[in-house]
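Work out the full structure, taking the sequences as your base and the hints as a guide.
There are 2 protein chains.
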Amino acid sequence: MSSIKIKIQLVANDDIAMGPGKADLLDAIQQKGSISAAAISMNMSYKRAWDLVSIMNKSFKQSLITTSVGGEKGGGAQVTDFGLQVLAQYRAIETKTNDAVSDETQVLMQMLVDS
Amino acid sequence: MSSIKIKIQLVANDDIAMGPGKADLLDAIQQKGSISAAAISMNMSYKRAWDLVSIMNKSFKQSLITTSVGGEKGGGAQVTDFGLQVLAQYRAIETKTNDAVSDETQVLMQMLVDS
DNA sequence: GCACGCTATATTTTTATAAATATAGCGTGC
DNA sequence: GCACGCTATATTTATAAAAATATAGCGTGC
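If you read the sequences in order, they're chains H and F. So for the first sequence, this note's numbering puts the first residue at 14; every next one is plus one. So for the second sequence, this note's numbering puts the first residue at 14; every next one is plus one.
Since the hints were made in silico from the structure, they are not lab data. Just so we're clear, the structure is a prediction, and the values are computed from it rather than from any experiment. Keep in mind that the hints are not guaranteed to be accurate.
For lysine-lysine, the following DSBU-like pairs were computed, each having C-alpha atoms within a straight-line distance of at most 30 Å [stated by the list, open to error]:
| no. | chain 1 | residue 1 | chain 2 | residue 2 |
| --- | --- | --- | --- | --- |
| 1 | H | 18 | F | 74 |
| 2 | F | 60 | F | 20 |
| 3 | F | 86 | H | 20 |
| 4 | H | 60 | F | 20 |
Quick look at which bits of chain F chain H covers, simulated, 3 or more residues with Cβ under 8 Å [stated by the list, open to error]:
| no. | region |
| --- | --- |
| 5 | 60-74 |
| 6 | 118-126 |
Glycine included, C-beta positions come from ideal geometry on N, C-alpha and C.
Here you go:
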């Protein structure tokens, strides 16, 4: 059973503040405890993940991710409480929008060619 | 007063079925009566507009845009009734999502750096 | 039969994005 | 003091997307 997925991008002053990619990366970092492990799990280059982390930390009032270098595990990354709040807020927006327009998207889906 | 804009992309089998760009192009074609005039009004190349029209016509069960070549005005393009229905459905989804999560997006906006 | 304005399409060039590679630095523990 | 695993960053290479350019065709009206 196929269906339409809704991608929601929150855009502030011309660049994307939060979208599915960054949200998923936050999730993965929280789960894995490091940027590199998160990147690998998402099939993403470390550089790309690190760039996204940098952009996120710069675009919000507080850091969403803190990192540490060296130590027994070589270092790591943690999602801050503030980061978890941002993520929860984004997930809430995702859920609410999907709920709000499920009927309408189904109608539109039926207008698409079968695939 | 700045605010977050929500970009909604309806994604079916890996490629975007409808997003803000295609919707705006449909609007412009309906208003201008030609692909080229619509493209100019959107600061878009004719080729890009034509490609989008082609993709839209292929991805829906019926054509959203019909075109004619030659004639007194050189030709033109019209949005079909079906195209108008698709557009209306997309706009309805946009409006409903914005209404459904305006509170949540405002909270998220306040978490962003001032710009 | 030529000019006009549009559709239709191919080809080339430019630009932007992503991926790959390389290197340095850090702190713990052996 | 060396290895490990991670962060941090620069540089290069490859790929994809967009833009630019070019050309052909159509039908009306002069």
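Status of the hints after comparison with the structure:
Proposed proximity of residue 18(H) and residue 74(F) is supported: the alpha carbons are some 19 Å apart, at most 30 Å. The suggested pairing of residue 60(F) with residue 20(F) holds, with an alpha-carbon distance near 24 Å, which does not exceed 30 Å. About 40 Å separates the Cα atoms of residue 86(F) and residue 20(H), which puts this hinted pair outside 30 Å; it is violated. About 26 Å separates the Cα atoms of residue 60(H) and residue 20(F), which keeps this hinted pair within 30 Å; it holds.
Interface restraint, the region 60-74 of chain F with chain H: holds (4 residues with C-beta to C-beta distance below 8 Å; minimum three). For the region 118-126 of chain F, the stated coverage by chain H is satisfied: 7 residues place a CB nearer than 8 Å to a CB of that chain, which reaches the threshold of 3.
The structure is inconsistent with hint 3 alone, although it conforms to all the rest.
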